[in-house]
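Chemist: Chains as they are written, first to last, in our numbering: chain P, 1 to 763; chain L, 764 to 922.
To be clear, the hints were calculated from the coordinates, so they are not data collected in a lab.
Only a predicted model underlies this, so the values are computations on that prediction, with no experimental measurement involved.
Where a beta carbon is used, it is the ideal one built from N, C-alpha and C, also for glycine.
Possibly wrong hints are sitting among the right ones.
Claimed, not checked - Residues from chain L shown here face chain P by an in silico Cβ test under 7 Å; the list is partial:
| id | residue |
| --- | --- |
| 1 | Leu818 |
| 2 | Ala845 |
| 3 | Pro847 |
| 4 | Leu863 |
| 5 | Asp906 |
Stated by the list, open to error - Computed footprint of chain L on chain P; a stretch qualifies when at least three of its residues, placed anywhere within it, have a C-beta under 8 Å from a C-beta of chain L:
| id | segment |
| --- | --- |
| 6 | 213-219 |
| 7 | 484-493 |
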Amino acid sequence: MATKTEDYLGKTDYKVVGTRPIRHDGTDKVTGRAIYGADVRMSGLLYGKVLRSPHAHARIKSIDVSKAEQHPGVKSIITVADLPLQEDRIAELGEGAANLTHLRANVLADDKVLYHGHAVAAVAATSLNAAEEALHLIDVDYEELEPVLDVRKAMESDAPLLIENQTTSSMGEDTGTKSNVSTHFQHKLGDAEAAFAAADIVVEREFDTATVHQGYIETHNATGHWSTDGTVTVWCSTQGSFTVREQVAQLLDLSVSRVKVVPTEIGGGFGGKIRVYLEPLAAVLSKKTGRPVQLVMTREEVLQATGPTAGSYIRCKMGAKKDGKLVAAEAYLAYESGGFPGAWAAPGSMCIFAPYDIENVTIDGYEVLVNKPQTMAYRAPGATNAAFASETVIDEICEKLGTDPLEFRLANSSKEGTRRADGPVFPRIGHEECLKAALNHPHYKSKLEGPNRGRGVASGFWFNVGLKSSAAASVNTDGTVSLVEGSTDIGGTRTSIAMQLAEVLGIPAEDVKPSVVDTDSVGYTDVTGGSRTTFATGWAAYEAAQDIQRQTIGRAAKLWEISEEDVTCEEGVYRSKSDPSKSMSFKELAGKLDDTGGPLVGRAAVDPAGVGGAFATMIVDVEIDEETGKIQILRATLCQDVGKAIHPSYVEGQMQGGVAQGIGWAINEEYFYNADGRLANGSLLDYRMPTALDLPLLETEIVEVPNPGHPYGVRGVGEVPIIPPPAAVANAVYQAIGTRMEVLPMSPARILEALWAKGNGKS
Amino acid sequence: MARKTHVTTTINGEETQFLCEPRNTLLEVLRDDLDLTGSKEGCGNGNCGACSVILNGRVVDSCLVLAVETEGADVQTIEGVATPEGLHPLQQKFLEHAALQCGICTPGFIVAAKALLDREPNPSEERIRLWLAGNLCRCTGYDKIIRAVMDAAETMETA
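Bound conformation, chain P alone (with noise of 0.2 Å):
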């Protein structure tokens, strides 16, 4: 396997890649044929629910389950006494790492619930109804204990602990101390101490982000059936079969090869769709009763009960010389884990400074525990917090100085070779041009007039990730190639993996038929997470395509009783070098398979090193309603390096999705909890996600900086894109009404606080 930095092509004439094919499974998902985790129907299916704590923090004293097993509908009862005890051992996620003591108290509670919504128990019943009922005849005996829900009280040396034995490592040394606080880190460059005593202008700020939901439109479910061989098959929507497949048979005690995961179609993921919540409970379900079973989460249950992504309280300071130059850096950044340890305030801080040359850098970060579900990766997962601050914190700088802040940005930006405080020195990257794409974009060159109206500017740096992906690729007798593959497909992989097959074999993107398979019928491949699949996924089906074309290369030479070395291929069309009346297509050759050896098909297994950071830059314009403090977009633009866009309208949709998102995020998404620590917003009414109405056309210019570590440049495009909202928001809001917002997110309530301190709006 070839993961050389040389790889990338330098081709700019292809004929598949950039173009705009029709996704392969976009009839099924336009005709409502499409099979997704709840539309998985059996014969004999039973239907499962969860009972969960109405308490965010309690003792388990009793389970009596008596009652409901004396109810007619209900086939089996289980609690975590049913799932075999862990060691303290890692289990890899693929985008994270779980710890499997902690999995599996979070699958079913052990003594203690840690959150509102946490499973305690799960039901098999004949029927959803029947299973409802069962629920409430379930007696559990709950101690009480204080919640503890906001992260700097949680890090009180006198705050209740969530888990009793939880010491705090700090620079990967276990410190012995008990407390909320499980890991602290440092990254360090020079000398920052130093670099803020001679700087000309130093702004600090303190901010604070609220917990946010991915807010996938649909739940959670699986759906198991537990063979009497022993196998166990479990249906389930999710980012990485394989991932399921691996903490099922960790979680059960069962070697990999007795777990067949089969993914159906995925409703969104943005990266809470990569635990295991449901698919352990229907296989043990499943194990006691015989038969298969299915549970999907309500919305309530998504919200209380499944990853949200942290919350966090972030300190920022930054200094700068009078002349513009950026020469320290220093963050304090505390995220919350929910309720068990979690790793989001380690990505963040490896984001935070990382769109900047500054020689002086210190950042600590802190992980926490808070009586709250336990969090998940969210699209590019602690970077959006960490931005809000550092983008903003750098808006202050610019205006002190009263430079340009794309201007500003530019002069300093990183580039190849700048080191990042967290270590590592970056290759080629793009975080100029998209400044300065952003500087002639018509958006940034148009005047905005008009009171209460500001416009604001923020960029957003996410290294994207490689990881292992599989592919086999078989060539059928009409010329089409069967493609199969692991990465289940949530925005239009299928065709952006398909696409990168068919340009080495010269064929058009609706020849190749891509397939999302499962566990036994592909090679290993990691979650569809990370802004991974189009690159690692992609460069598996490249691959495919080379082992391929070596192949029909050899059939050709067998064809026409030449050398392979007399044979060249090109686009798709096979020579003799010799003999220039000797060629053929791929089509033509493909029909005569069977004359030449029989069958073909091509493999390939990657685990690619040459990942491509990825940055964006944004423009924002809003408007403020005086009466209401509702934040209106006016216009939003998005400038983003993506290397190489395979499929353009894919790639602008990740941009678009992402800026929406970051958009929610900085408007109007929180999750609400009472002082005893209920969700008081389980529903998306009162989770607010943006409607079509709330946005506008979301403009998008895709930078091509190609990925040298990639055949044909590709970075990856998913995550970067909901990081600069929050931050280019508050800018602008700071723009329109001369405050700057320190806390997410800037619902009407905030906006109006705002204005009435400054003696502004309407009461």
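Position chain L against the provided structure of chain P, taking the given hints into account.
Modeler: Chain L only, in chain P's frame:
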């Protein structure tokens, strides 16, 4: 268990009979009894629009309609939008504009947009945004959906 009620209704132009409990929603009957799983449940309380169907000419959230209420009604679901001859222009334009990513909200959007275009063949962007405000999409930021609906309206006007 409550006694089941017999209901006769027209679904996608076909007379359909089913038995349901009084508490069953139309969405439950469509999905669980009639195997019409194209209508999706995203929230179960009328906030996401993934279960949109056209009931007697009006777009409704089928999770908020009791199945027993549909006696004698005319119901159109996503499964009835395309014909054996081909896709509806809205479906075609959703594909051409890449107006779907994960696709879970797509049936609801297409049904809701069809209800709009059935009564208003040439809506403005603002009108489309208002009409579709009851349908949540988390993937696209709505941009390509709005463009697809506008393009479909134009195509149908000139057809």
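Chemist: Does each hint hold? Answer for all of them.
Modeler: We went through each hint and held it up to the structure:
1. Leu818: Cβ of L/Leu818 sits 17 Å from chain P, so the hint is violated.
2. Ala845: holds (5 Å)
3. Pro847: With a minimum Cβ separation of about 12 Å from chain P (threshold 7 Å), the hint on L/Pro847 is violated.
4. Leu863: OK, holds: L/Leu863 within 7 Å of chain P, min 6 Å.
5. Asp906: holds (5 Å)
6. 213-219: Per the Cβ count (6), the hint holds.
7. 484-493: n = 3 at 8 Å, threshold three: holds.
Checked against the numbered hints given earlier, this structure breaks hints 1 and 3; the rest are met.
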